[in-house]
Amino acid sequence: MKQVRIWFEKKGRARYISHLDLNRTMARAIRRARLPVWHTEGFNPHPHIVFSLPAPLGIECCRESMDVRLIEDVPLNDIEERLNAQLPEGLKISGVTEPKMKISAIAFARYFLDFAFEGKSGDEVKSLLEQCLDGRELIIEKKTKSKTAVLNLREKLKDFAFDKTPDGRVRFWVVLPAGSKENINPALLVLAFERELNAEFDIAEVTRERLLTFDGKIFE
Amino acid sequence: MKDRIKALLSKAQKPARYCGGELNSVVKDKGRVDVRFAFCFPDIYEVGMSHLGMKILYGLLNEREDVWCERVFAPWEDMEEEMRGAGVPLFALESQDRVADFDIIGFTLQYELCYTTVLNMLDLAGLPVRAADRKALTPLVIGGGPCACNPEPVAEFFDLFVLGEGEEVILELIDLYKEHKRAGSSKEAFLRQAAKIEGVYVPSLYSVSYNPDGTVREVAARDGAPEKIKKRIIKNLDKSYYPDKFVVPFIDIVHDRAMAELMRGCIRGCRFCQAGFIYRPAREKSPETVDRQGRALCESTGYDEVSLSSLSSTDYRKLNELMKRMTEWADKDKVSMTLPSLRVDKVTPEIVEQLKKVRRGGLTFAPEAGTQRMRDIINKNVTEEQLLETCKIAFEAGWTAVKLYFMIGLPFETMEDVEGIVRLAQRLVDLYYSIPTRQKGRPVKVTVSVASFVPKPFTPFQWEPQDSPEMLREKQARLLEVNTSKHISKKWHESGTSLIEAILARGDRRLCGAIERAWRKGCRLDSWEQFFSLDAWLRALEEEGLSGEFYANRRREINEVLPWDHLDFGVTKSFLLRELQLAQKAVATGNCREKCSGCGLAAERGGVCLETGQDMV
Ligand code: SF4
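Chains A and B supply the protein sequences, listed in that same order.
Quick note: the first sequence uses this note's numbering, first residue 247, plus one each step.
Quick note: the second sequence uses this note's numbering, first residue 21, plus one each step.
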């Protein structure tokens with residue numbers, strides 16, 4: 247059996263597919279494509295899929311991965327083509343490779359967040375955000391079932407930079423902990439900014455661009 | 021995607037309910053179609069998406085190049101709040117366009133408790149809820165589904181109803197609509213013509229008068245509308261349209277699987293069951309057709325489960341042959357087959373074999389009543405021996421959980437019959453422990469699920485009163501008292517919903533006002549316990565000067581004009597009356613295959629009536 251890593255993007259309407267539902271969606275696509283993928287045993291056999299890292303609901307992703315085991319040899323670009331023919335709008339396979347790294351190597355993810363306030367220029371929004379990040383704390387309350395924890399997000403931002411979208415909005419690039427050890431949902435960052443600015447963004451769109459390893463390499 | 025909707029979706033609990041874009045959903049160029057059809061299911065996505073009728077009509081309408089049919093569901097409360105707050109009107113999933121801009125808005129009415137949701141959806145769409153206040157031809161608001169067999173309580177909200185099976189009549193309606201739209205006709209002119217199509221009921225062309233005691237005096241047709249409106253029947257199911265694709269949802273829905281339809285109608289005639297009468301006659305598809313359709317669906321969806329659906333799948337004559345045929349590809353493709361409706365007298369070892377493959381939880385049966393006398397009254401021709409025999413097979417095959425469905429409040433019921441329910445459950449527990457091959461250390465679990473009986477139009481019990489809420493509570497108390505074995509768990513849901521259901525099911529047009537009032541008081545999604553408010557409903561009725569008891573708990577006179585008497589569902593009143601009299605004497609009636617009981621459907625020359633030679637009658 248040969249393990250392969252299937253790379254995909256999750257955009258547009260597909261961003262609203264939760265992780266659990268994504269698993270089912272991919273399993274069905276594999277069945278429709280009739281790919282010779284190893285199935286779990288038992289009463290309800292289904293294709294065995296291991297995702298690199300669940301993505302939070304509602305964000306777009308540029309390059310996610312899922313691993314499957316092939317029980318017959320299939321050319322890798324065949325897999326890409328056959329699966330793409332079976333996927334709903336927004337999900338797209340961008341390549342199939344052999345796994346180069348272990349999933350457990352993932353420790354960070356690089357995101358970009360596009361922000362807009364109605365009536366404010368990109369530069370104005372940028373300077374507002376810069377103030378929020380001005381060495382101060384960026385506090386957010388994280389509610390769990392039993393208690394509310396206070397988290398200083400500022401400490402968690404590993405790397406960040408400002409940029410512009412093609413249509414002039416502010417684009418904020420940031421690297422956050424992601425993986426099995428620690429995982430910071432970028433939506434918290436949006437909330438923290440809103441709290442700091444005491445206003446709700448008119449547009450706040452989050453995209454996970456790449457998964458990164460401990461030493462900042464792109465996960466492959 | 022539209023920015024305003026995108027902003028809402030990011031706040032919704034389950035955005036996938038509203039985002040569309042699922043596999044096999046149909047997107048067309050709106051500039052290239054003549055008729056845009058919004059198929060509305062007045063409940064949330066997970067419920068509506070499980071409904072076979074909607075899938076059939078969605079596929080059928082989208083086959084036509086000149087029509088684009090889209091789906092619309094009721095938003096859950098979080099989304100409704102966001103939509104109202106942001107001023108975003110109800111939109112269709114595929115295009116995200118406003119429902120109010122569609123040509124035809126079609127609601128399927130699957131249960132009475134959806135009526136306030138219909139009003140809420142029209143309101144969310146920005147439309148007046150009453151048909152008389154929507155003056156233009158477009159959008160036309162139409163209704164169908166089982167509740168259309170007595171649509172009087174919602175008659176004033178709809179422009180027209182489709183009675184019976186919709187596959188043919190909906191296409192005829194759309195053709196007529198196209199003509200009138202092109203000619204710039206008024207809504208009235210269109211409706212007068214539409215009323216001439218068989219199966220189309222235009223309530224505004226009928227005026228209802230009442231007697232001093234509140235009963236209906238007369239329903240008078242005008243402008244050439246027919247005196248009696250006949251339901252539509254698809255005679256040959258093998259030749260009728262069936263989708264080869266289902267929209268595959270992202271989120272888990274109630275029935276998330278492929279469905280192969282075996283037949284329509286039912287040969288049985290259980291006297292409480294409306295479906296058993298309004299969908300007559302029973303018509304089967306050939307095993308070849310079912311096999312082909314089921315397989316096509318599994319291939320186009322990737323589902324690993326196909327349910328063999330119908331009202332009573334074990335009555336399908338060639339079930340074994342069909343399952344054998346399907347197993348040939350299903351095993352290879354790792355697809356399992358399920359039977360949604362088992363009759364205890366029909367479970368064969370072959371069926372048990374199939375069921376074992378997908379063993380999931382317990383086995384479910386619906387004896388409906390606890391004593392033989394009561395089962396004879398309701399014509400549920402199942403004996404206790406048969407139930408025990410079937411459960412024995414199941415226990416021996418390794419099952420340890422059985423779920424049984426019952427009703428209380430049935431006509432002519434005594435406390436003994438109520439207690440009989442729990443006695444029967446105890447007998448199953450005893451049976452389990454008498455089986456030597458049972459797995460030691462695994463206790464049996466018998467779940468008894470009890471619902472309150474609601475008398476429905478076009479059944480022999482249409483004249484019968486529903487038990488008063490006090491009486492139902494008394495029976496419930498007794499049910500809980502007797503036998504509290506730890507192996508039996510009793511499930512009972514009653515928060516007044518069955519009373520409201522009973523009022524609406526056999527109501528007349530005067531209820532329109534009460535439904536509108538209930539909705540204005542905040543009622544919607546009434547079938548969800550957390551939203552149902554008996555108090556709001558009772559106040560709405562009172563303010564309208566109506567008595568719930570008059571509709572629900574009164575025995576109706578045999579010669580009384582019933583609010584639905586002008587609708588013709590094929591079963592004759594004299595047959596229903598005969599059945600009521602037999603029920604009174606606790607005499608059962610054989611099924612259509614044993615002996616035709618002359619219900620009136622033979623005139624249609626289809627299905628089981630032909631099979632038994634009844635077309636000669
Ligand atoms: S006419 Fe006879 S065979 Fe046909 S549906 Fe009625 S009872 Fe059954």
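Hints are computed from structural coordinates only; laboratory data are not their basis.
Backbone N, C-alpha and C define an ideal beta-carbon position, used for all residues, glycine too.
Accuracy of the hints is not assured; some may be wrong.
To be verified - Computed, partial: chain A to chain B, Cβ under 10 Å:
no., residue
1, Ile263
2, Ser264
3, Leu268
Results for each hint:
The criterion of a C-beta within 10 Å of any C-beta in chain B is met by isoleucine 263(A), whose closest approach is roughly 5 Å, and the hint holds. Against a cut-off of 10 Å between C-beta atoms, the interface hint on serine 264(A) holds, since the closest Cβ of chain B lies about 7 Å away. Evaluation of the leucine 268(A) hint against chain B yields a held restraint, the C-beta minimum of about 8 Å falling below 10 Å.
Comparing the model with each earlier hint shows no violations; every hint is respected.
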